[in-house]
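According to full-length UniProt numbering, the sequence shown is numbered sequentially starting from 1.
Because the hints were derived from the structure by calculation, they are not lab data. Predicted model only: the values in this text are computed from it and were never measured. One or more hints might be untrue.
Stated by the list, open to error - As a list, the in silico DMTMM-like pairs of lysine to aspartate or glutamate whose alpha-carbon atoms are at most 25 Å apart:
no.: 1; residue 1: Lys20; residue 2: Glu59
no.: 2; residue 1: Lys11; residue 2: Asp49
no.: 3; residue 1: Lys20; residue 2: Asp141
no.: 4; residue 1: Lys20; residue 2: Glu10
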Amino acid sequence: MFQQLDYSGEKTKDYELLIKQLDALSTGETNQTALLANASSLLNHFLDDVNWVGFYLSENEELVLGPFQGLPACIRIPFGKGVCGTAVSENKTQRIADVHQFPGHIACDGASKSEIVIPISRNNNIIGVLDIDSPIHDRFDAADQEGLEKFVTQLEKHL
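Given these sequences and hints, build the entire structure.
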């Protein structure tokens, strides 16, 4: 039913396929935990060279760990702290080529070298972030950012 992404081709088409698979998994489901769990699994399974994929959810001016794939992670991150908290405070995607050069980086997994974090909104309010880490420097490019932002936009329709 689900098809492995082929990174030898155009990433745009790969992300379009990934979004279709997200819809297939999500249509008709209303439970946020179930939706986010499947979304993190889908991304973890299909993206190459990632070591953590998951969600942090907004709660009382901080982000709280949600469904994820990877090693145990930080449970709470204040808004404005680290890459995830910065994504919330600036309300924009953070694509970081080298997390060790990011001021205030929170090292949950010492193997992570690059990261992309995308805010998730409902009714113009940030409800959380998608966080993806990689053990490779500069893993995420503009095509990944565009594809993952579209993935999040589609996910928001189900939340």
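Checked hints:
1. Lys20 x Glu59: Given pair lysine 20, glutamate 59 is violated - Cα atoms ~30 Å apart, limit 25 Å.
2. Lys11 x Asp49: Between lysine 11 and aspartate 49 the Cα gap is close to 15 Å, so the pair holds against 25 Å.
3. Lys20 x Asp141: 21 Å, holds
4. Lys20 x Glu10: Holds - the C-alpha atoms of glutamate 10 and lysine 20 are around 16 Å apart, at most 25 Å.
Hint violations for this structure: number 1 only, all remaining hints satisfied.
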